[in-house]
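**Q** When you get a sec, could you build the whole thing from the sequences and use the hints?
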Amino acid sequence: MTAEEKKKGWKSLPMGAVVLEPGSSLKYKTGDWRAFRPVVDREKCVNCLICWICCPDAAIVRKEKWVEVNYDYCKGCGICAKECPKEAIKMTEEQK
Amino acid sequence: MTIVGLTGDEAVAYAVKQSKVDVVAAYPITPQTIMVERFSKYVADGEVQTEYVCVESEHSALSACVGASLTGARVFTATASQGLALMHEMLYIASGLRCPIVMGVANRALSAPINIHGDQSDMMGSRDSGWIQVYVENAQEAYDWTLQAFKLAEDGDVQLPVSVNLDGFILSHSMEGVDVLEDAVVSRFLQLRKPVFRLDPDKPITVGALCLTDYYYEFKRQQVEAMLQVPKVLDNVNREFGSFTGRNYGVLEAFGMEDAEAALLCLGSTAGTAKAVAKKLREQGKKVGVIKLWLYRPFPIEAVVAATKRLKALAVLDKAVSFGAPYGALCSDVISVLHAQHVRPHVFNVVYGLGGRDIEPSDIESVFEEALRIAETGAVKESVMFLGVRE
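Here the protein sequences line up with chains W and Z, keeping their order.
Numbering follows my numbering, with no gaps: position 54 of the first sequence is 54.
To convert a position in the second sequence, counted from 1, into my numbering, add 96.
Everything labelled a hint here was simulated from the structure, so no lab data went into it.
Here the structure is a predicted model, which means the values were calculated and not measured.
Positions of the beta carbon are idealized from the N, C-alpha and C atoms, including for glycine.
One should not assume that every hint holds.
Pulled from the structure, derived: some chain Z residues nowhere near chain W, Cβ distances all over 10 Å [as the list claims (entries may be wrong)]:
hint	residue
1	ALA208
2	GLN287
3	LYS375
Each computed BS3-like pair below joins lysine-lysine, with the alpha-carbon atoms no more than 25 Å apart [said to hold, decoys possible]:
hint	chain 1	residue 1	chain 2	residue 2
4	Z	LYS299	W	LYS11
5	W	LYS11	Z	LYS316
6	Z	LYS376	Z	LYS408
7	Z	LYS328	Z	LYS290
8	W	LYS6	Z	LYS316
9	W	LYS63	W	LYS44
10	W	LYS27	Z	LYS299
11	W	LYS44	W	LYS82
12	Z	LYS116	Z	LYS290
13	W	LYS65	W	LYS82
14	W	LYS86	W	LYS75
15	W	LYS75	W	LYS63
16	W	LYS11	Z	LYS290
17	W	LYS8	Z	LYS316
18	W	LYS8	Z	LYS299
19	Z	LYS328	W	LYS11
20	W	LYS75	W	LYS8
21	Z	LYS328	Z	LYS316
22	Z	LYS316	W	LYS7
23	W	LYS29	Z	LYS316
24	Z	LYS371	Z	LYS382
25	Z	LYS405	Z	LYS477
26	Z	LYS405	Z	LYS375
27	W	LYS29	W	LYS82
28	W	LYS27	Z	LYS316
29	Z	LYS383	Z	LYS477
30	Z	LYS408	Z	LYS477
31	W	LYS65	W	LYS90
32	Z	LYS382	Z	LYS408
33	Z	LYS383	Z	LYS405
34	W	LYS29	W	LYS11
35	Z	LYS405	Z	LYS371
36	W	LYS65	W	LYS44
**A** Right, dumping it as structure tokens:
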């Protein structure tokens, strides 16, 4: 099921935009907002972690020899690609 | 029966006292001041258990009311004119968060130039804010509708804020005999609020969360639906109130409409003058009538269509001006409702009473004469008349 299909209509949503379940923000994946996707080239990545420092959404995940991107929360701002000294991160258009 | 002398403002305060309101947060402003002044005396004298929050502005007053209402409390506030304008941002938050707050509004003109007297520009400017709007003709109606407003607002199918509007000074400061109910009777009519949802530390919920393109529209549609439920719920409230009091209300009052060919439609205290003039003219054999809307938002579409069905001419009186619009707000609504009818009266708009300019029986009579002329000839000379203004 796609995210679009899961969204409730006005008849079944709780009144007044109330969120009845505490902590449900964890289920909200802001990666949906992304128009461009950062892709890490593991050959070029030297694991300097500049992207990890610069990412405003803490969406860079540290691995032993390179970095990965948490696409659930990456909004595709492109700061990582811009800051990478090795040009190891490329922004590619999201495929719908 | 207990008749007491009360001004319109005092009648509202007395009804609020009997409604066992949990929280009042308000800021005084002429001509509403007496509502909260009188109520603060009830608090000081220990006659009520209400938490009375003194705030520094109307913006804060309604903000405090929203917070209180979300805890499940019964909440009242009051304002007028500039105070309502300062509340404007919070009006939408109160309705959007579905807070059944009741607000007394002693209608007053808006600055500039500064004026303290009564016209309905203040609440008319807030007509799209998602509040139910009731307009009253006298102190008795101010009392009766305040009690009914809580029951309407708090109904599970409605859950919307209600404003009870009374003409500044004409009603707010005029003392009349008001037939008040015993406290015990009010308690039977108006039970404790049963909130649909509420802020509760043991069962946390989130209110006021961000809703963007994905959900916002759905919540606005819910508010539309809540408004659509009002006529049905209000009918039950009116019936129950009638069974306790013998005073029967509805969405509108029709006077002489059974055979009227020309009529006048208005809100508030002007209806009293209009009915007196209509009575005199009817005794002279002239077929005139008066339609007074108690409910302005949601607009009572079906009732207005039914009441105007047999008319040939209708004058709609607006005690507010809508700059640059084709008609005053009330008249625009009436015309849009009648537009869908195959047979409909000729409608013309009468703007009057701005800044508290008096409307006299002779003024009303001139409106009826014009409506009768249009009923006979079918020719509307001026689609919008400015009654009582100096050229």
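**Q** Are the hints correct? Go through all of them and say.
**A** To see whether the hints hold, each was checked on the structure:
1. Residue-level check passed: ALA208 of chain Z sits 36 Å from the nearest beta carbon of chain W, beyond 10 Å.
2. In this structure GLN287 of chain Z is separated from chain W by more than 10 Å, as the shortest Cβ-Cβ distance comes to about 20 Å.
3. Annotated as non-interface, LYS375 of chain Z keeps its C-beta farther than 10 Å from every C-beta of chain W; the closest such distance is 46 Å.
4. Proximity of LYS299 of chain Z to LYS11 of chain W is assessed by CA-CA distance (about 24 Å); at most 25 Å being required, the pair is judged to hold.
5. Restraint check for LYS11 of chain W and LYS316 of chain Z: the C-alpha separation of about 11 Å stays at or below 25 Å, so the hint holds.
6. Among the hinted pairs, LYS376 of chain Z with LYS408 of chain Z is consistent with the structure: their alpha-carbon atoms are about 20 Å apart, no more than 25 Å.
7. With a CA separation close to 19 Å, the supplied pair LYS328 of chain Z and LYS290 of chain Z stays within the 25 Å bound.
8. At roughly 20 Å between alpha-carbon atoms, LYS6 of chain W and LYS316 of chain Z fall within 25 Å of each other, so this suggested pair holds.
9. Of the pairs offered as hints, the one joining LYS63 of chain W and LYS44 of chain W holds, with about 14 Å between alpha carbons and a cut-off of 25 Å not exceeded.
10. At most 25 Å may separate the alpha-carbon atoms for a hinted pair to count; LYS27 of chain W and LYS299 of chain Z meet this at roughly 19 Å.
11. Only pairs whose Cα atoms come within 25 Å are accepted, and LYS44 of chain W paired with LYS82 of chain W is accepted, the gap being roughly 15 Å.
12. Annotation: proposed proximity of LYS116 of chain Z to LYS290 of chain Z holds, straight-line Cα distance about 14 Å (limit 25 Å).
13. Between LYS65 of chain W and LYS82 of chain W, the direct Cα distance comes to roughly 20 Å. Compliance with the 25 Å bound is thereby established for this hinted pair.
14. For the proposed pair LYS86 of chain W and LYS75 of chain W, the alpha carbon gap of about 22 Å is at most 25 Å, so the pair holds.
15. Taking the CA atoms of LYS75 of chain W and LYS63 of chain W, the gap is about 20 Å. The hint holds against a cut of 25 Å.
16. For the proposed pair LYS11 of chain W and LYS290 of chain Z, the alpha carbon gap of about 21 Å is at most 25 Å, so the pair holds.
17. With a C-alpha separation of about 14 Å, the suggested pair LYS8 of chain W and LYS316 of chain Z falls inside the 25 Å cut-off, and the hint holds.
18. At most 25 Å may separate the alpha-carbon atoms for a hinted pair to count; LYS8 of chain W and LYS299 of chain Z meet this at roughly 23 Å.
19. Of the supplied pair hints, the one linking LYS328 of chain Z and LYS11 of chain W holds, its CA atoms being roughly 19 Å apart against a limit of 25 Å.
20. A threshold of 25 Å between alpha carbons decides the hint, and for LYS75 of chain W with LYS8 of chain W the separation of about 24 Å falls inside it, so the pair holds.
21. A threshold of 25 Å between alpha carbons decides the hint, and for LYS328 of chain Z with LYS316 of chain Z the separation of about 20 Å falls inside it, so the pair holds.
22. Restraint check for LYS316 of chain Z and LYS7 of chain W: the C-alpha separation of about 16 Å stays at or below 25 Å, so the hint holds.
23. Distance check on the hinted pair: LYS29 of chain W and LYS316 of chain Z sit about 24 Å apart at the alpha-carbon level, within 25 Å; holds.
24. With a C-alpha separation of about 13 Å, the suggested pair LYS371 of chain Z and LYS382 of chain Z falls inside the 25 Å cut-off, and the hint holds.
25. For the given pair, LYS405 of chain Z sits about 22 Å from LYS477 of chain Z by alpha-carbon distance, which is consistent with the 25 Å threshold.
26. With a C-alpha separation of about 21 Å, the suggested pair LYS405 of chain Z and LYS375 of chain Z falls inside the 25 Å cut-off, and the hint holds.
27. Proximity of LYS29 of chain W to LYS82 of chain W is assessed by CA-CA distance (about 24 Å); at most 25 Å being required, the pair is judged to hold.
28. The suggested pairing of LYS27 of chain W with LYS316 of chain Z holds, with an alpha-carbon distance near 24 Å, which does not exceed 25 Å.
29. A distance of roughly 21 Å separates the Cα atoms of LYS383 of chain Z and LYS477 of chain Z; the hinted pair therefore holds under the 25 Å criterion.
30. Between LYS408 of chain Z and LYS477 of chain Z the CA atoms are separated by roughly 15 Å; this keeps the pair inside 25 Å, and the hint holds.
31. Pair hint LYS65 of chain W plus LYS90 of chain W holds up; C-alpha atoms about 18 Å apart against a cutoff of 25 Å.
32. In summary, the hint linking LYS382 of chain Z to LYS408 of chain Z is supported, as the alpha carbons are separated by about 13 Å, within the 25 Å threshold.
33. Distance hint between LYS383 of chain Z and LYS405 of chain Z is fulfilled; the C-alpha atoms sit about 15 Å from each other, no more than 25 Å.
34. Straight-line distance between C-alpha atoms of LYS29 of chain W and LYS11 of chain W comes to about 24 Å, which keeps the hinted pair within the 25 Å bound.
35. In summary, the hint linking LYS405 of chain Z to LYS371 of chain Z is supported, as the alpha carbons are separated by about 20 Å, within the 25 Å threshold.
36. Between LYS65 of chain W and LYS44 of chain W, the direct Cα distance comes to roughly 11 Å. Compliance with the 25 Å bound is thereby established for this hinted pair.
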